[in-house]
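J.: Using the sequences and the hints, build the whole thing.
Chain order of the listed sequences is U and R.
Residue numbering for the first sequence follows the working numbering, starting at 23 and increasing by one per position.
Residue numbering for the second sequence follows the working numbering, starting at 23 and increasing by one per position.
Calculated from the structure, these hints are not laboratory results.
Where chains are identical, the list cannot tell them apart; a pair therefore holds if satisfied intra-copy or between any two copies.
Calculated pairs, SDA-like style, for lysine to any residue (alpha carbon to alpha carbon, straight line, at most 25 Å):
hint : residue 1 : residue 2
1    : K187      : R260
2    : K68       : L46
3    : K305      : A390
4    : K187      : N248
5    : K187      : A214
6    : K41       : G226
7    : K36       : A228
8    : K182      : R209
9    : K68       : P78
Protein chains: 2
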Amino acid sequence: MRERTEILEETFRKLTEEKKYASLRDLMQTLYPADIAAILSDMPEKLMPAIFRLLPKDLAAETFVEMESDVKEALIRSFSDTELKAVIDEMYMDDAVDLIEEMPANMVRRILAQADADTRKQINEILKYKDDSAGSVMTTEFVALTPRMTAEDAIEEIRKTGVDKETINTCYVLDEKYHLLGTVTIRTLILARPNETCESLMTGNAVSVNTQDDQETAVQTMSKYNFTSLPVVDAENRMVGIITVDDALDIMEEEASEDIAKMAAITPSDKPYLRTGVLDIWKNRIPWLLLLMVSGTFTGIVISRFENALAMVTVLTAYIPMMMDTGGNSGSQASVTIIRGLSLNELEFSDIFRVMWKEFRVSVLCGAALSLVNFGKLMLIDRRFINPDLTVPIAATICLAMFCTVVIAKLVGCTLPMLAKKAKLDPAVMASPFITTIVDVLSLLVLFGLATAILHVG
Amino acid sequence: MRERTEILEETFRKLTEEKKYASLRDLMQTLYPADIAAILSDMPEKLMPAIFRLLPKDLAAETFVEMESDVKEALIRSFSDTELKAVIDEMYMDDAVDLIEEMPANMVRRILAQADADTRKQINEILKYKDDSAGSVMTTEFVALTPRMTAEDAIEEIRKTGVDKETINTCYVLDEKYHLLGTVTIRTLILARPNETCESLMTGNAVSVNTQDDQETAVQTMSKYNFTSLPVVDAENRMVGIITVDDALDIMEEEASEDIAKMAAITPSDKPYLRTGVLDIWKNRIPWLLLLMVSGTFTGIVISRFENALAMVTVLTAYIPMMMDTGGNSGSQASVTIIRGLSLNELEFSDIFRVMWKEFRVSVLCGAALSLVNFGKLMLIDRRFINPDLTVPIAATICLAMFCTVVIAKLVGCTLPMLAKKAKLDPAVMASPFITTIVDVLSLLVLFGLATAILHVG
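T.: Here it is, written out as structure tokens:
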């Protein structure tokens, strides 16, 4: 793809240098908004607004939407009020709301001043919805039909109003109180006999989400039903908007990135890495590192308590890191699997006992394999080449502790995310770093407990 | 959503008990395939095929596609050859290929025997493409138009052939050698004047992917251009299929799940957790645990080497786990961020020096904050309540080691995934567990090095 953009950029540069603006305009009209946005963003800031002005109104708005927020800001600064108004009038409601959300306050005032009264009202309505709710990402431009319309009427209606709608692929059949009765696709309308009514053509029992529902629920509903747009209804069950599938792809990507960040103990950010400043990256990471470091105090306390035991069997010290890492890895395997299952709605809190029973059996198998291999390695390799002090009871202590650690780690790892979900906390935060910190303490206690029992130390 | 399904299930149960099959059939025709599939899957196995047979042909195929593979298998066993043929004839090519891939060999023979010669040929073509390539997930049913057709002709063509196409929302304008000239949406065709030609209406410079491209690239291209279907071309640049956006959502979810699994040192599986057996889960996890445990040997070797130093300053032992965990967490923050950036194509190997310079500055800030806080904690809390032996030089050694560990961890964490990408390995495997294992060894070496220099031990 980079290659494609480079060839286009070269052509743009040439046409601009030779001042062949008419050809440039013609070329741009054959391109996709995302391509034009990418090329304009790489242009010198002085030239860029001039070339942007060559675009016809609708393409200008679509291109504008595809730009990064710093480029948008530069463009708005260069716009006259009339130009700004033209772009805003052409934008879909969801894009207008996104723009308002990413611009600084003084810009927002200017933008809202240029929007007409009705648009301003709709923007303000959408801004009221909670972040990441279905209402906050919907757009209000959808095709509404009535049940009595024939296929022919419906296509005529789409011809009249479709140009301002974000999609016409699926149309919505509403009663006079805006309740959603069913959906009918453009394909059905085109393939139908002209005099069939929407009522007879539509799929009833329409699936919709509520404005207050989580955007993730909305995306999963779309994915389940293979929709290209999903109706959003308000508390009175009136249809107020749709979420389109291109936004669903963005939301899905964003939600996965957020989960991944949280699992690695990072506060999520929606900016690309290379565009995020060092201080911002630091701010997203340091609180978690501090919190986890301070929780690490407990391992210190346990080790200090058993200092004498360790002094008697110093060789144990050499195996503490390996045991703790294995525990951490076992726990995070379980926690990450469960967190993902919860995110995808494959798991619910009521599954907790099935999950624990499954993880228990997996952990026994894992623990057995690991301790057996480890026992072999300790006796055959470590005793010969690294630690001649290793006796069978010491090796047995280490391996038994390893077994218990793995079982504990997997049980803690699967339980905590489910409990977090139940407590309406974010399960993703209960991933490897936290599990590791907890499992560390438990595994040390097990190790010293077993050492006391088997090796009679302490 | 569960509630919705429960109400429908109740109605289904009633109608079935009362043998009101006509009403049941009418009800099903108003429902979405995904809903019917969910309800049928929960029915007793004896009843299910009988109710499935009530469905009209097209809805039957769509419902069948939405079922889990064990239910599909049960249904096929109950089908007569004619019934099987009917379902296969109605299925889209990509779904037929998926079915072939998930069924056992004896079923596959039966399915292929029922498919007509042309379908069988197309299925075999698609099966040849590499797993996870664009070719392997495409479907061959798209609307092809010619440049000279008018909008009216095009709509007429869609009326004639559209019923067998997976989508009509975007149509593809091809020359006589099947080269893709441009795309035109149904919306454009409907809103256009009837005598405008496809050539003048289409968006040229069409974006497409190659059959050999990765499915992830395909999804990101769709997301970038907001497409609802993406054309796939072969090596001779002839258009051979499309990928539809509903599959894109599934692919994106699957790819994110795979990355998350690999980051937690798990071999990815495409089955939902509760449907995966204990032994399969064990097989996906144990190789990584073993590998990481054995790599853990190096920490043991380092500690054994410096046993004397530890014996002289036993208090150091208590802080080893905390230091190692902080290093692991710092490293995985960096590695996970970079891995995600690579997955989303926001980062490339050529960015490596920018990334390292950024991570270096972030790590200095994180390291400084962590060691300062830690120093305060050691002096004010630990010395008083936990370890009275803590002197200022010992605390300084621990904190300096912590600082170095954080810097090393972040640099290792950001570099390894990029090197993996360059070496055409999967960057996601270079996540926390591996980084932790490497950073553990390095941080112990730093700690003992500093202890030797500052505390003159060893």
